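Using the hints, build the complex out of the two chains.
Sequence lines, in order, name chains A and B. Heads up: the first sequence begins at 1 in the working numbering, then just goes up one per residue. Heads up: the second sequence begins at 144 in the working numbering, then just goes up one per residue.
Think of the hints as simulated: they come from the structure by calculation, not from any bench. In this text the structure is predicted, and so the values were computed from the model without any measurement. C-beta atoms are modelled at their ideal positions from N, C-alpha and C, and glycine is treated no differently. Among the hints, a few may not be true.
[What the hints assert, rightly or not] Cross-link-like lysine-lysine pairs, in silico, BS3-like; alpha carbons within 27 angstroms at most:
| # | chain 1 | residue 1 | chain 2 | residue 2 |
| --- | --- | --- | --- | --- |
| 1 | B | Lys790 | B | Lys750 |
| 2 | A | Lys26 | B | Lys662 |
| 3 | A | Lys118 | A | Lys141 |
| 4 | A | Lys141 | A | Lys103 |
| 5 | A | Lys103 | B | Lys217 |
| 6 | A | Lys101 | A | Lys141 |
| 7 | A | Lys26 | B | Lys680 |
| 8 | B | Lys215 | A | Lys121 |
| 9 | A | Lys17 | B | Lys582 |
| 10 | A | Lys121 | B | Lys217 |
| 11 | B | Lys582 | B | Lys680 |
| 12 | B | Lys763 | B | Lys729 |
| 13 | A | Lys6 | B | Lys680 |
| 14 | B | Lys582 | B | Lys632 |
| 15 | A | Lys17 | B | Lys680 |
| 16 | A | Lys118 | A | Lys26 |
| 17 | A | Lys26 | A | Lys103 |
| 18 | B | Lys680 | B | Lys662 |
| 19 | B | Lys268 | A | Lys6 |
| 20 | A | Lys103 | A | Lys118 |
| 21 | A | Lys6 | B | Lys662 |
| 22 | B | Lys215 | A | Lys103 |
| 23 | B | Lys163 | B | Lys215 |
| 24 | A | Lys118 | A | Lys101 |
| 25 | A | Lys101 | A | Lys121 |
| 26 | B | Lys206 | B | Lys217 |
| 27 | B | Lys750 | B | Lys787 |
| 28 | B | Lys647 | B | Lys582 |
| 29 | B | Lys662 | B | Lys647 |
| 30 | B | Lys632 | B | Lys647 |
[Claimed, not checked] Facing chain B, according to a computed beta carbon distance under 10 angstroms, are these residues of chain A, among others:
| # | residue |
| --- | --- |
| 31 | Arg4 |
| 32 | Leu55 |
| 33 | Gln57 |
| 34 | Lys141 |
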Amino acid sequence: MSERRKLGTADYPLAEKRPDLVRTRKGRPLAELTLAAIEAGEVALEDLRITPQALRQQAEIATAAGRPTLGRNFDRAAELIDVPQDVILSIYELLRPGRAKGKADLLDAARLLRQSYKAEKMAAFIEEAAEVYERRGLFAKRF
Amino acid sequence: MSDKPQRSSANSSAGAPQIKVNPKVNRWRRFADWDERPLRLDRFAVEDAAAGFAAFSSPNDPKPGLEIAGGKVKSMDGIAAADFDMIDIFIAHHHLDLDVALEAMAIPSPEIARMLVDMNVPRAKLVRLAHGMTPAKLAEVVAELSAIEIAFAYSKMRARHTPGNQGHVTNAKDDPLQLAADAATAVAFGFDEIETTMRVARNAWSNAIACAVGAAIGRWGTLFQCSSEEAEELQIGMAGFSSYAETVSVYGTERSFIDGDDTPWSKAFLSTAYASRGIKMRCTSGAGSELLMGFHESKSLLYLEARCLCLQRGMGVQGTQNGGIDGAPITCTVPGGMRELMAENLLAVWLDLECASGNDAAATESEIRVGAKILPYLIAGSDLICSGFGSILAYDNSFNPSLMNGEEMEDFLVLQRDFEADGGLTPVGETEIIELRSKAVQAIAAVLEELDLGRPTPDMMASVVAASGSAQTESYMPRDVAVISEAIKARGINVIDVIRALAKRGFREAAQNLLNVVKLRVSGDYLQTSAIVRDGKIISAVNDPNEYLGPGTGYRLSAQRRQEIANIRDVLDRDEVLRTEGRHAKGESRLIQYRSMGEAQPGTDAKEVVIGISPAFGLKIFRTLAGHPLSAVLDALTAGIRAKGCKPRVVRLHHTADTSFLGLSAARLAGSGVGIGIQAKGTAVIHQRDRLPHHNLELFSNAPITRLEHYRRLAENAASYALGEHPEPVVVPTKGEAMGARFHAQVALIYAIETELTRDGAAPENVEISLLEAAQ
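Chain B extracted, bound-state conformation (with noise of 0.2 angstroms):
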């Protein structure tokens, strides 16, 4: 604003007019407009430490420290051995290493967060420093880190070199066809792990049966959890049908600890418990729970993180799934949550951790804010980027929805395209999928037969092929559902014996990948930190481990893996843009004739509108972007002008395929001066004769959206500058659509047919045009 606004009356001189604004506005419109979009539905909450609402720190943060004598820790962080809560002991006791503690706990804090990004310094320096490190110290340290800093860290300091990921596979009806069809779906689109749980508790044998056979499809190697009551998770892993765990939750406070139910050694006791039985184990934490349960002491998110961190090392779990979790969305709503939430990430793979990094209960209701949730652990990389991506629809995810879903899937799958980062998923075409699809609902089909568990129709299979979610689906509802998940549990049924139903109906592969899992408990193999399988092999922090030392060591996509990532489905390339024409061409040659009347001339007649057309103009591009045929384009064109009382003429261009310069070129070949030029993609300018290149009268750039009714008020327009008027310029009304993320790819394949066909200093040429029957 180059003029000074009105000062406030009690500054203005006396008598000096004021400008007054009536009726008074009381709002700018702009903050209604604010109102609608999905971010408010997000609730943010004030930054209040006393409350429990601060993330990285809280004035009831104990400073770190420790003192140990005669081999025993006699404080740590401040608070003497005689005043621990139950967790300080537990930490003293199994987390730390008093041979690295003095050493560790006397580098500055700075100095350690240097070294965390500092490619140089090996991680297995710091992750011998971490054993020696109190939670306060390590949340001291985490806490020195900027977002992108924590994000190189976590890339540097996560356990297995190969990123992967893990998937929900729940429906809202406990129905067991939909759970196999869509277990074999998400093992198809790359999850290391799938994990389910139950709309109704007693389902969860039932659940356990169709995932373990749903996985199964395909390939082999797939983990599957079914998370249920503690007792009985643990027994379906007994009967062989799940391979992992994760839902032994721990907490960062004494109080929090005894109203989950458990106590440090209760749960290590369980892990230990969950190892005796083969069966790979990881504990539950994360920022925001202690807050949600009411005993946060008045202490950050992270440092409590931290306890979480220390005691999960303590007890000896090869991993964590933390980053929030169930208390993400809590965390989100405070000033820095969601770096915390990758700060506590990064102490668990510092705490050297296999980390299912979290990015699973749906966090914001902007998309945006997803999108920027997500990226650091795409780009970084992660032993298991979500701990739970909703593979299925959201609506379907018993856990809760995801912060992406199976309606965000290839919008993930595109990002790992757009960055070149590996996020563990892979895309699969439409045709492999329904025969998957179809076959793990003919497999759980033929189990639940042979077992005497159920007969489905073919009817309630064909609805579950097809079905993007339950919503669709005629098939078992829970209460269907319970009577099968009792039979199971009540006759003892295990593994072999859905091993022996499917070999024996045929599924011979499907049984053998069902025992491939099954058998990695004899050796134990998996239980070792971040492992998963890949290719039939087990990888893990031990055989694979990450060793990042700067650009060219680390995790790097293969040429083909490359190409697996990039190949999303519908790409346009050159053949199918001019295979598109092609389908145009014929229809074209009915509407409209072009007749080559030879080399055009400057005209005489002041009321003569030259129409410029580009060189492949109706000769290899027959449709604008919008889709109209280039003969109704014409027919508008000529119509406009005639419809002012001039003459058009139309003229092709061989020199120049550039809309400026087409509408430029016409101009002065136009008695009037004023001219058209329009690209066969429909992109369109009115010029005149002694005008700049780019200085046009009115551009039509937007060709996706013009239609036949704005080139006929163009040609009427350009028709009103060559009789001297100055009509009201065209304007095409826009919704700010991303033009070019839609038309780009198109535009640039189009435009270079046009530009092949461009000669230098070629004539311009008489074009007669004889629109046939239906174009008029």
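So here's chain A without its partners, still in its complex pose (with noise of 0.2 angstroms):
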């Protein structure tokens, strides 16, 4: 996106003032997902998930208004679209308290994250909750 500014506040709601650059996975815009399609069956619910784009674009209006941390978690949230529900939820009961057994855990958890999904941010993050799982003894077995 680096060939255009970066989206602010005044652009806005983007569905009201930027309807142009809201589209759904398959490109479509918001003004083909109506009643009818649906109930021609032209519309799926796979047509009405957010993309990594519209994420990426909500991020940077989060950022413009004052909001980094709001803003970096949408950019993460870009990153997690394509991973499949069972990953995530797997990912999660490992970050809770004892589920993994150590570090490496962990590590394997965002090794995957990057090299699946290449979501670089979010296996970051999961790295850095290796390191302070470890210094806090959080892989303590709890059941």
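Written out as structure tokens, the structure is:
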């Protein structure tokens, strides 16, 4: 997205102010997501999902509005969009105290995110967790 | 007491008579009265910081401080980086903005506190400083503020300009028909978000479909949450039924976090997962959770919550649900507890988080404490004033009863009107509600049928449409619901299936409304801070920011919004009063005739008692406030006078409608010098010729509780005074009712009708009354 200026608060809400930027995963504009299209079987749940682009755009807007941490969360979220639900839930489970047996389990999860889903920021976040969990003894068995 | 009481025996001189109370009294019975008050069901706790029972400060709270070296935090709030627990680590890494920190930490706390209540200091400036402040510093600043200062600062610092509200929609049977009807009802009353949960965990999917359908009836834009187990809640969101989540709890001590089975990183990951699914999300925290979980580290409630909130900003969530939440009841047991809840909400908005400001779990049995608790939020405004107003009856609230529930909804609507404050809700008329409920039940029944999940009978549906709560329904029971819910889950039914079912069965508007909510996630606009939908458009802290800078700025009621709030049901006006009287006019004309007999002159008979009636008496007004026909009142008065051997004379006064002057004028016309003055609304007086206007013999000011027997005894007493006797004054017993609240609107309107008929200097007129059949 380097070829265009960063979005600001004036571009918000995107669906209203910048409909040209809002596209479904298959590249369709919002205007095509009609009731008639649903009845005709032309719109599936997949078309109603958020896209990585939308999250990165919202990250720019959040940052412009003075909310850098919210922006960083949206950027991490953009990386998770293609991560399947069961992988998400298994990593969440692994991050809960006592689930990972050691630092290596979390580093494996980070590697999976980085290598399979290009989730660089999310991976770094989990690596940070691995350091802290080791330091604070959070690998202890709980049940 | 002008007399000095007897000294105790030690000081009394020998031989002086002693006054004894016998038998010995051991208790002032007022305490027994107080024992019966709902307040006494609340149990309070002694302040004890070591045991975690301290609202604002504890000797164990760290002192604010920050050391930075080489671009890294070396110590925070007196703790060296090497000794940080996981919460400190997360805050230092993800919350603290080191570019601001040294500047912010160097400003004395009282000075920042004054900036918070200084209307000339913009919100943005304070938000920037908060990015560089440690939990202990933030807590120290807000602890400087009094309750009213906190409320004012909250009003200035909350993120979104327009206030909103959130409601619970649940019922004791998990009945999908009732959920749909109650969701539609909650939407009509104006809740921006509705939240459900289940009595039986596996009913989550059924609850989700029912509320999603109900919320699509009438208008679109109400966001919906199905609070359940973390993984399932996310799945329900992914199926498109729910649009936000707020059950991602965080805690202020490491041990309670671990006992809550999470870490800041696991919760941050979960919140990122929600964003990646296009679902609005906020965290939950609040005073008292660490205390309830047994790991409070002897720290104050406020300090621990400051840690939670710094964590949440660091995680990058858009908002929080705080203000005690499940810990509100225990927080309210300690001195300053309610002020602390306000202070922690202030911390949330100061940290630029959307704030769903608690006011949910019932923190007291006292209605007075409930009203006091809610008021600062109502007048300050809040992104979501309650993070669960119980839109349903208290017993149907599966989260536990809220501070305010369906029972008290109208109290809240009236508070909005009293203070001209926008609590996010709007009164709705009876016809509209019954139509919406009926439509919602038909819509969910159609969806259940279309998806082959159930076939509700007309009787089931009718019972739900009318029901105030689930005790009145003949509908689905939890076991039936479990079958429906498990089928939805097993068959992978999603929101597209529901939209299609609605459209196919003719509920096209509801289908479109539901589609509109799901479409929100494509652009993600509603993921920004404090986003809600109003009139089909997203408003959030980005495009509807609170920029309060003193009177005339910030949120104000528009003329239209003010009218909506004012429009509660069943209000009186002059036409209504006249209409009501008009209905009684005909009945009275069959019971009594008034015949004018010319100008009244002073009487000479020493046994004559004059009854002075007001200008509108029996002409425009026909009943007392207690509902007694004026014919019956005159019958009682004349009969009472005659019973004592005196003679009544009725005189209509035209120069005044005031009770005292009616009475005094009547007395001056009476041969005995004793008169009765009575207004059409029933207020009466016994007066005597030589007395000052307001120094009467007996006054009957409480017309709403004055019965015919009192009028009869009043007249007997008037006759007794005429005969020179000293009767026992008539006492109309009162139970302490708020007569003014019940009757003053009506009184003022009736009295205006009376005063309009008065003419200065008009002569009194003798009236011959003839009581016809039924009056006697």
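These are the hints, each one checked on the structure:
{"no.": "1", "hint": "B:Lys790 with B:Lys750", "result": "holds (6 angstroms)"}
{"no.": "2", "hint": "A:Lys26 with B:Lys662", "result": "holds (14 angstroms)"}
{"no.": "3", "hint": "A:Lys118 with A:Lys141", "result": "violated (31 angstroms)"}
{"no.": "4", "hint": "A:Lys141 with A:Lys103", "result": "holds (13 angstroms)"}
{"no.": "5", "hint": "A:Lys103 with B:Lys217", "result": "holds (25 angstroms)"}
{"no.": "6", "hint": "A:Lys101 with A:Lys141", "result": "holds (8 angstroms)"}
{"no.": "7", "hint": "A:Lys26 with B:Lys680", "result": "holds (25 angstroms)"}
{"no.": "8", "hint": "B:Lys215 with A:Lys121", "result": "holds (20 angstroms)"}
{"no.": "9", "hint": "A:Lys17 with B:Lys582", "result": "violated (34 angstroms)"}
{"no.": "10", "hint": "A:Lys121 with B:Lys217", "result": "holds (25 angstroms)"}
{"no.": "11", "hint": "B:Lys582 with B:Lys680", "result": "holds (24 angstroms)"}
{"no.": "12", "hint": "B:Lys763 with B:Lys729", "result": "holds (11 angstroms)"}
{"no.": "13", "hint": "A:Lys6 with B:Lys680", "result": "holds (23 angstroms)"}
{"no.": "14", "hint": "B:Lys582 with B:Lys632", "result": "holds (25 angstroms)"}
{"no.": "15", "hint": "A:Lys17 with B:Lys680", "result": "holds (11 angstroms)"}
{"no.": "16", "hint": "A:Lys118 with A:Lys26", "result": "holds (20 angstroms)"}
{"no.": "17", "hint": "A:Lys26 with A:Lys103", "result": "violated (39 angstroms)"}
{"no.": "18", "hint": "B:Lys680 with B:Lys662", "result": "holds (12 angstroms)"}
{"no.": "19", "hint": "B:Lys268 with A:Lys6", "result": "holds (23 angstroms)"}
{"no.": "20", "hint": "A:Lys103 with A:Lys118", "result": "holds (21 angstroms)"}
{"no.": "21", "hint": "A:Lys6 with B:Lys662", "result": "holds (24 angstroms)"}
{"no.": "22", "hint": "B:Lys215 with A:Lys103", "result": "holds (24 angstroms)"}
{"no.": "23", "hint": "B:Lys163 with B:Lys215", "result": "violated (78 angstroms)"}
{"no.": "24", "hint": "A:Lys118 with A:Lys101", "result": "holds (25 angstroms)"}
{"no.": "25", "hint": "A:Lys101 with A:Lys121", "result": "holds (23 angstroms)"}
{"no.": "26", "hint": "B:Lys206 with B:Lys217", "result": "holds (15 angstroms)"}
{"no.": "27", "hint": "B:Lys750 with B:Lys787", "result": "holds (10 angstroms)"}
{"no.": "28", "hint": "B:Lys647 with B:Lys582", "result": "holds (15 angstroms)"}
{"no.": "29", "hint": "B:Lys662 with B:Lys647", "result": "holds (20 angstroms)"}
{"no.": "30", "hint": "B:Lys632 with B:Lys647", "result": "holds (22 angstroms)"}
{"no.": "31", "hint": "Arg4", "result": "violated (17 angstroms)"}
{"no.": "32", "hint": "Leu55", "result": "holds (6 angstroms)"}
{"no.": "33", "hint": "Gln57", "result": "holds (8 angstroms)"}
{"no.": "34", "hint": "Lys141", "result": "violated (12 angstroms)"}
Consistency note: the structure conflicts with the earlier hints numbered 3, 9, 17, 23, 31 and 34.
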